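Chemist: Listed here are the chains, written in short residue letters.
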Amino acid sequence: MSSAAPVPTGPPTTTRWRGGLGAFLATAKVPLGAVVLAFAFGSVLIWLSSLVTNHQLDLTLPLKAYGAMLEGAGITLDPAAAVNGLVNTLVQSGPLVLGGLAVGVGFKAGLFNIGAQGQFLMGAVAGAGTGAAVASWPGPIAILAALVAGALAGGAWGFIPGILKARTGAHEVVTTIMLNTIAATFIGYLVSGPLLAPGFSFDRTGDIGNAALPILFGTRNLHLGVFVAFAAVPLIWWLLWRSTLGFEIRTVGANPDAARYAGMRPGLITVFTMSLCGLLAGLAGAIEIIGITHFVNASYGTSVGFDSITVALLGQAHPVGIMLAALLFGGMRAGSGLMQIRTQIPVEIVDILQAVVLLFIAADVIVRRVFRIRRAGPKVDEIETVSRSYGAGTTL
Amino acid sequence: MDALNQALAGIPVIGIVWQAVGYLVAAATNPTISGQVLFFATPLILGAMCGIMNERSGVVNIGIEGMMLMAAFFGFLGAGIAAQIMPSDPGPIFGITIPLLIGVLVAILIGMAVSVLHAWLAITIRANQIISGTIINIFAGGLTGYLHALIITPNPGLGGAIFASWQPPADLLNVPVLGWAVNILFAHGPIAITSLIVVVILQILLFRSRWGLRTRAVGEHPKAAETVGINVIRVRYRNVILGGIFAGLAGAFLTLESQGHFQLQLTAGRGFIALAAVIVGRWTPVGAFAAAILFAATDALRIAIGIAPPTGELGTVFQIIPAQFYQALPYIVTIIVLAGVVGRSTPPAADGQPYERESAT
Chain A
1 MSSAAPVPTG PPTTTRWRGG LGAFLATAKV PLGAVVLAFA FGSVLIWLSS
51 LVTNHQLDLT LPLKAYGAML EGAGITLDPA AAVNGLVNTL VQSGPLVLGG
101 LAVGVGFKAG LFNIGAQGQF LMGAVAGAGT GAAVASWPGP IAILAALVAG
151 ALAGGAWGFI PGILKARTGA HEVVTTIMLN TIAATFIGYL VSGPLLAPGF
201 SFDRTGDIGN AALPILFGTR NLHLGVFVAF AAVPLIWWLL WRSTLGFEIR
251 TVGANPDAAR YAGMRPGLIT VFTMSLCGLL AGLAGAIEII GITHFVNASY
301 GTSVGFDSIT VALLGQAHPV GIMLAALLFG GMRAGSGLMQ IRTQIPVEIV
351 DILQAVVLLF IAADVIVRRV FRIRRAGPKV DEIETVSRSY GAGTTL
Chain B
397 MDALNQALAG IPVIGIVWQA VGYLVAAATN PTISGQVLFF ATPLILGAMC
447 GIMNERSGVV NIGIEGMMLM AAFFGFLGAG IAAQIMPSDP GPIFGITIPL
497 LIGVLVAILI GMAVSVLHAW LAITIRANQI ISGTIINIFA GGLTGYLHAL
547 IITPNPGLGG AIFASWQPPA DLLNVPVLGW AVNILFAHGP IAITSLIVVV
597 ILQILLFRSR WGLRTRAVGE HPKAAETVGI NVIRVRYRNV ILGGIFAGLA
647 GAFLTLESQG HFQLQLTAGR GFIALAAVIV GRWTPVGAFA AAILFAATDA
697 LRIAIGIAPP TGELGTVFQI IPAQFYQALP YIVTIIVLAG VVGRSTPPAA
747 DGQPYERESA T
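Chains as they are written, first to last, in the numbering used here: chain A, 1 to 396; chain B, 397 to 757.
Derived by calculation from the structure, the hints in this document are not laboratory data.
No experiment lies behind these values; they were computed from the predicted model shown.
Treat each hint with caution, since some may be false.
Claimed, not checked - Label pairs and their computed distance ranges (CB to CB):
1) 550/B - 59/A: 16 to 26 Å
2) 578/B - 194/A: 41 to 51 Å
3) 494/B - 82/A: 47 to 57 Å
4) 707/B - 198/A: 28 to 38 Å
5) 659/B - 135/A: 35 to 45 Å
6) 194/A - 708/B: 18 to 28 Å
Where is the CB? At the ideal position from N, CA and C, for every residue including glycine.
Could you build all of it, start to finish, from the sequences and the hints given here?
Modeler: Okay, here's the thing in structure tokens:
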């Protein structure tokens with residue numbers, strides 16, 4: 001209706017990274033600058049914190065803290081610590097890769113999937129419940145069953161906002177926010193009701209037995225699921241830039257009206273994309289459960305859903321960018337424990353840094369002024385479609 | 397009467413409904429249950445007023461949750477530190493002390509400060525407003541968690557004082573209908589009572605004042621507003637920052653009137669329920685108030701069922717409905733309303749769209 005969607009300005013949004021480190025750096029200048037500025041902001045915060053922890057201004061504390069974080073993430077000369085840290089980084093990055101893709105693919109279709117959180121939770125509880133039910137089946141089949149159940153549950157949780165937007169115009173931002181909390185309460189119900197396992201001192205799902213993902217290479221925690229997560233990166237890249245479906249997704253994301261005139265069906269694409277997003281996040285949830293925690297309790301929660309938004313935006317909604325951003329934040333999560341032990345700087349600083357990274361991505365003028373980047377780097381242009389569709393009277 | 401009651405309760409289906417009505421009436425007339433409704437609703441009402449101030453002028457705010465969380469934390473911290481510097485006995489009215497007032501002031505200022513950031517990102521930078529709200533939510537969770545570990549955990553004795561509720565005289569409470577209404581609406585602390593006043597004033601101002609007309613014009617059609625001489629940018633800035641006051645008050649309520657202490661993720665999704673109340677209440681203060689009261693009443697009902705479950709067939713029905721269903725109800729209702737299944741709710745037309753002034757050439 002009144003949402004006169006403007007013709008997309010500039011070149012079409014096929015920001016493919018045509019080879020070469022130079023091209024990569026040109027694309028990644030603003031995100032890298034945002035990360036650098038965020039760490040600088042974190043240093044100021046740590047200086048202020050040193051007044052509380054050490055009762056005096058410790059100017060070297062940021063170096064110590066970030067050094068410990070790097071060491072914990074595997075950037076260290078001690079080979080044993082390095083392997084351990086890198087494994088932790090990979091394990092922490094796995095769910096962020098899938099979660100980041102779950103948000104990023106949505107962006108490509110002009111959808112803002114705030115619901116990765118809820119989709120992840122649904123995948124987790126479905127994976128845990130199915131895993132417990134098939135615990136005595138042969139390993140590979142049990143694992144496959146749990147993963148498929150998780151992906152389907154997440155997919156269903158993405159399908160709901162998709163079909164609601166396509167059919168009624170209910171904006172996915174609001175519906176996914178609501179579905180996030182519904183998922184959390186639904187887990188509480190399932191774990192204290194239908195999925196409750198007897199014989200534990202607290203409400204939780206049963207043992208998953210053979211459905212547990214195998215740990216590889218004799219490490220402590222490097223499970224098979226991490227590789228499944230990273231394998232999604234080339235698959236999604238292929239889907240978005242090498243398939244007809246991906247072309248339609250990107251066209252709808254750039255301009256739904258133009259896509260409709262070209263004979264595409266934006267409503268259908270919306271439903272499909274949201275379901276795919278949910279599927280990816282749900283898979284992440286299932287992997288997290290059968291790979292690491294092995295059960296879900298009634299108050300199971302995670303930060304993956306919101307981390308994923310940061311990862312997707314920092315990675316500019318490109319699968320490779322998302323993978324790199326996921327590695328960065330996975331490393332920060334992996335290293336934050338050692339940082340807190342060494343320097344008493346609370347691990348929550350990772351969340352603060354994330355928010356500040358996001359702030360500098362959103363306000364890229366600051367980054368460009370500080371680092372004198374003249375050209376506005378490629379952005380997630382489809383965000384414009386998200387903004388346009390929020391107000392009244394927009395239906396697909 | 398009893399015989400009629402028994403006879404009606406015996407009929408299938410209608411009987412259950414009759415029993416449910418009876419239970420609800422009993423709960424509503426029970427002062428300890430119905431008296432809690434506004435207490436539960438206050439943060440939702442105030443958060444929703446923040447949302448309305450934002451969205452009516454065309455700025456989406458999904459960061460209410462984070463604004464409330466930060467305000468709750470810093471209000472608590474401000475009041476706690478002030479109380480250590482100048483310990484004071486609770487005052488005669490509402491137990492007001494200077495440290496508590498300082499806490500409220502800090503909470504309001506924090507709400508406004510975070511709103512300035514939101515306004516700058518949404519209006520000046522023209523960043524995506526959903527991202528701006530997400531930044532606020534992530535930052536609030538991170539910063540309050542960080543400072544909680546750094547400051548609150550090592551000082552367990554910090555804070556603890558809260559505003560007292562007004563105790564209406566027994567004579568007034570015994571007046572048939574009036575006493576019931578006074579108990580529900582006014583037997584509360586100062587912030588809860590303020591929230592009622594805020595709703596009334598905002599409703600009148602939004603639809604009966606020049607400010608309200610300008611706000612709605614800017615939210616519906618900013619370009620048209622600009623052509624008649626309204627400064628779109630200024631109106632939006634003012635509304636977003638003033639809205640921060642209400643988010644700040646909502647946060648202050650949680651730590652300084654309700655709980656008296658701060659724990660991690662204290663807001664527990666109340667900011668998102670406030671957002672839900674805005675939508676279900678169709679972007680009007682009175683509508684959002686009604687939605688917030690409805691959501692809070694379900695909460696009170698859940699507790700009532702927990703304490704004194706209904707007997708008979710109704711009890712069986714309530715036992716089948718899991719407690720989590722009531723928790724999820726606000727969110728389910730919002731989705732249903734937004735999808736237009738039961739009466740459609742549509743946001744202001746320019747909601748979420750950055751405004752770019754046309755260059756004056």
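Chemist: Determine for every hint whether it applies to the structure shown.
Modeler: Structure-based check of each hint:
1. 550/B - 59/A: 16 to 26 Å: 23 Å, holds
2. 578/B - 194/A: 41 to 51 Å: Because 45 Å falls inside the window, the suggested range holds.
3. 494/B - 82/A: 47 to 57 Å: Given a distance of about 56 Å, which is inside 47 to 57 Å, the answer is holds.
4. 707/B - 198/A: 28 to 38 Å: For residue 198/A against residue 707/B, whose Cβ atoms are near 30 Å apart, the range 28 to 38 Å holds.
5. 659/B - 135/A: 35 to 45 Å: Between residue 659/B and residue 135/A, where Cβ atoms are some 36 Å apart, the hint holds.
6. 194/A - 708/B: 18 to 28 Å: 26 Å, holds
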